[in-house]
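> Here the protein sequences line up with chains A and B, keeping their order. Take the first sequence: its position 159, counting from 1, is numbered 159 in our numbering, and each next residue is one higher. Take the second sequence: its position 114, counting from 1, is numbered 442 in our numbering, and each next residue is one higher.
Keep in mind the hints are simulated off the structure, nothing from the lab. Just so you know, not all the hints are guaranteed correct.
As the list claims (entries may be wrong) - Derived Cβ-Cβ restraints for the label pairs, each shown as a range:
(1) A:Gly49 with B:Leu449: 37 to 43 Å
(2) B:Val584 with A:Glu16: 51 to 57 Å
(3) B:Val515 with A:Phe109: 46 to 52 Å
(4) A:Thr139 with B:Ser573: 29 to 35 Å
As the list claims (entries may be wrong) - Calculated Cβ distances over 12 Å to all of chain A for the following chain B residues:
(5) Leu509
(6) Gly545
(7) His587
(8) Phe627
All values reported here derive from a predicted model rather than from experimental measurement. Ideal Cβ placement from N, Cα and C applies to all residues, glycine included.
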Amino acid sequence: MREIRYREALREAMIEEMEKDASVFLMGEEVGHYQGAYKVTEGMLEKFGPERVLDTPIAEAGFAGIGVGAAMVGLRPIVEFMTWNFSAIAFDQILNNAAKIRQMSGGQFSCPIVFRGPNASARQVGSQHSHAMEHFYATVPGLKVVAPAFPADAKGLMKAAIRDNNPVLVMESETLYSVKGQVPDDQDAIELGKANVVRPGKDVTLVAYSRMTHVALDAANALAKEGIEAEVVDLRSLRPLDEETIVKSVWKTHRCVIVHEGFPYGGVGAEVADRVQRLAFDSLDAPVLRVATLDVPMPYNAKLEQACMPQADRVIAAAKRVVSRGKA
Amino acid sequence: MADSNVLERLYRQMLLIRRLEEEAARAYAQGKIGGFLHLYIGQEAVGVGAIAALQPDDYVVTTYRDHGIAIAKGMSPRAMMAELYGKVTGCSKGLGGSMHMFDAEHHMLGGHGIIGAHIPLAAGAAFASKYRKDKRVTLCFFGDGAASIQGFHEGISLAALWKLPIVFVCENNEYSMGTPLSRTISVDDISKKAAGYGIPGWQFRGEDFEEVQAQIGKAVAQARETSMPSLLEVRTYRYRGHSMSDPGKYRTPEEVEEHKKKDPIAIGKQKLVTAGYDEAKLKGIAESVEAEVADAIRFAEESPEPELSLLEPTTYDGPFAS
Ligand SMILES: Cc1ncc(C[n+]2csc(CCOP(=O)(O)OP(=O)(O)O)c2C)c(N)n1
Ligand SMILES: [Mg+2]
Chain A
1 MREIRYREAL REAMIEEMEK DASVFLMGEE VGHYQGAYKV TEGMLEKFGP ERVLDTPIAE
61 AGFAGIGVGA AMVGLRPIVE FMTWNFSAIA FDQILNNAAK IRQMSGGQFS CPIVFRGPNA
121 SARQVGSQHS HAMEHFYATV PGLKVVAPAF PADAKGLMKA AIRDNNPVLV MESETLYSVK
181 GQVPDDQDAI ELGKANVVRP GKDVTLVAYS RMTHVALDAA NALAKEGIEA EVVDLRSLRP
241 LDEETIVKSV WKTHRCVIVH EGFPYGGVGA EVADRVQRLA FDSLDAPVLR VATLDVPMPY
301 NAKLEQACMP QADRVIAAAK RVVSRGKA
Chain B
329 MADSNVLERL YRQMLLIRRL EEEAARAYAQ GKIGGFLHLY IGQEAVGVGA IAALQPDDYV
389 VTTYRDHGIA IAKGMSPRAM MAELYGKVTG CSKGLGGSMH MFDAEHHMLG GHGIIGAHIP
449 LAAGAAFASK YRKDKRVTLC FFGDGAASIQ GFHEGISLAA LWKLPIVFVC ENNEYSMGTP
509 LSRTISVDDI SKKAAGYGIP GWQFRGEDFE EVQAQIGKAV AQARETSMPS LLEVRTYRYR
569 GHSMSDPGKY RTPEEVEEHK KKDPIAIGKQ KLVTAGYDEA KLKGIAESVE AEVADAIRFA
629 EESPEPELSL LEPTTYDGPF AS
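Based on the provided sequences and hints, a complete structural model is requested.
Written out as structure tokens, the structure reads:
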């Protein structure tokens, strides 16, 4: 076991996989000479050289497409978006090419590619730079989407993403890059599609992922002081979604609150709510609630930004609402 | 020989922009400004010279490196500084921040955060001018890094096809974040791309605001009179990092110092000296700039923050259901 940062965990995963498999290469804006806009890829250019670590111009559709084409004929690209916001420009490549190649070729071609980068809010970067893009992508069959909250998961899921024969989108977080955590020395790939119960509890299930798992844990600790034991399910993988782990938890707690960044209209939270009401209906003692970003473009002003983003106090309030309803 | 009133006005504008941004950098270090802050320091002659070639009701659109261009277009320093501070008195009510300087009164259609995405948008404003036959011209600024992205190609391609009254101005400051031009593009002169769209294009240096004004003026006249768009590349240089978090390790201090020898503000000052301005007169200009900067800071510091209730009415037209 070692304690390393989230960004180091991601880097280790990429380096180890690149050492093992010569077909894996990395490209993106500022990933090489600049050492990564957020230093995730620090040292990788020096280690692997400019043939395997490529600085791209600002041309998201172009380099995402080059990744897809290269993947079709046997390479395994890791494509970094400086942030997922900019993937909007490459959306067509991901939606119409990466996600479709396998099925529209009748299974003749596959697209083993990783798209990765920081997702969701950073700090005061405004409406165009604060998107939680996982909601858009998780709706698309043909894609896999993961969103680790801890360094060990970041490493394991990144390894699995690189080895997977499908397009896998890794949603990282600028605000998690410096977070430290224990990572086993021999951390191997973690199977995609498996959630993790990161805190056991009996009164309410909090479902979260990425940075919101930490917010849910903070909320759970505060709730514990008031005698409410929340179980926190860290999804890790958004597609495929581990409904079994979610449902098992709700069977135990009879209540569910989902916490995520991004708008409340549709999205991963709505998907989880649908599964819970279908698969655990008889067990529910209260409606399933969601705590999401408010339904407005993200404002720049710091206080308003904080007010828009899901915070522990909103999670606590939602948890209390479902708990008290069940007991009334 | 230019009218010395005009020289003084444009020199003062450059100095004002420089001083506002130096103070913004200081406020950023104190935590009073957050998020991204991309400074225009070193590039002032481009925005000031270019906008001096426009009529007041012409449109301007630019990137996130927008403070100088907004001020040159007429935005008040108070509105700019308050926006940086996230105050409700800011140009965008504290909701936009550094990258999003909008000023409808002065036909400033924004600073934009997504590379290239504002280029078709600018062509859209020019489209409206042609549609309404209002004889306005749109000036669209972007960086050298934008020349690889689809918005650049599609925006210019359409503007050329439909002969829209627009001037595309590439502010080539030699770097796109930490990457020099030689590693982002296959040609050394971005204005050469104009040929592929069948429009005029040329390159010039941007340290002398009068030179910029004259060059952009030619393109603006073509756009206004014959609705011929053009693609100009202005060679310039930013003295500071890409944004506040960039230590700028990709270039040497010597390189930066070399460029500072051609400082647009020093060049502007020399023009005034040549026009007969003495020390006392120059000092007077500097003092009035300092007073305006201090006023903007005070205004920003003392202004209230926006309330959460502001978000709803600024998101849609009229209150929405539920
Ligand atoms: C589509 C897109 N990709 C990436 C970014 C991140 N980004 C912001 S500024 C920048 C560099 C732009 O350089 P350039 O166009 O030369 O303008 P300059 O900053 O030099 O004014 C990058 C990569 C972005 N804003 N939009
Ligand atoms: Mg540049």
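> Compare the structure with the hints numbered earlier in the document and write down the numbers of the violated ones, lowest to highest.
2, 3 and 5
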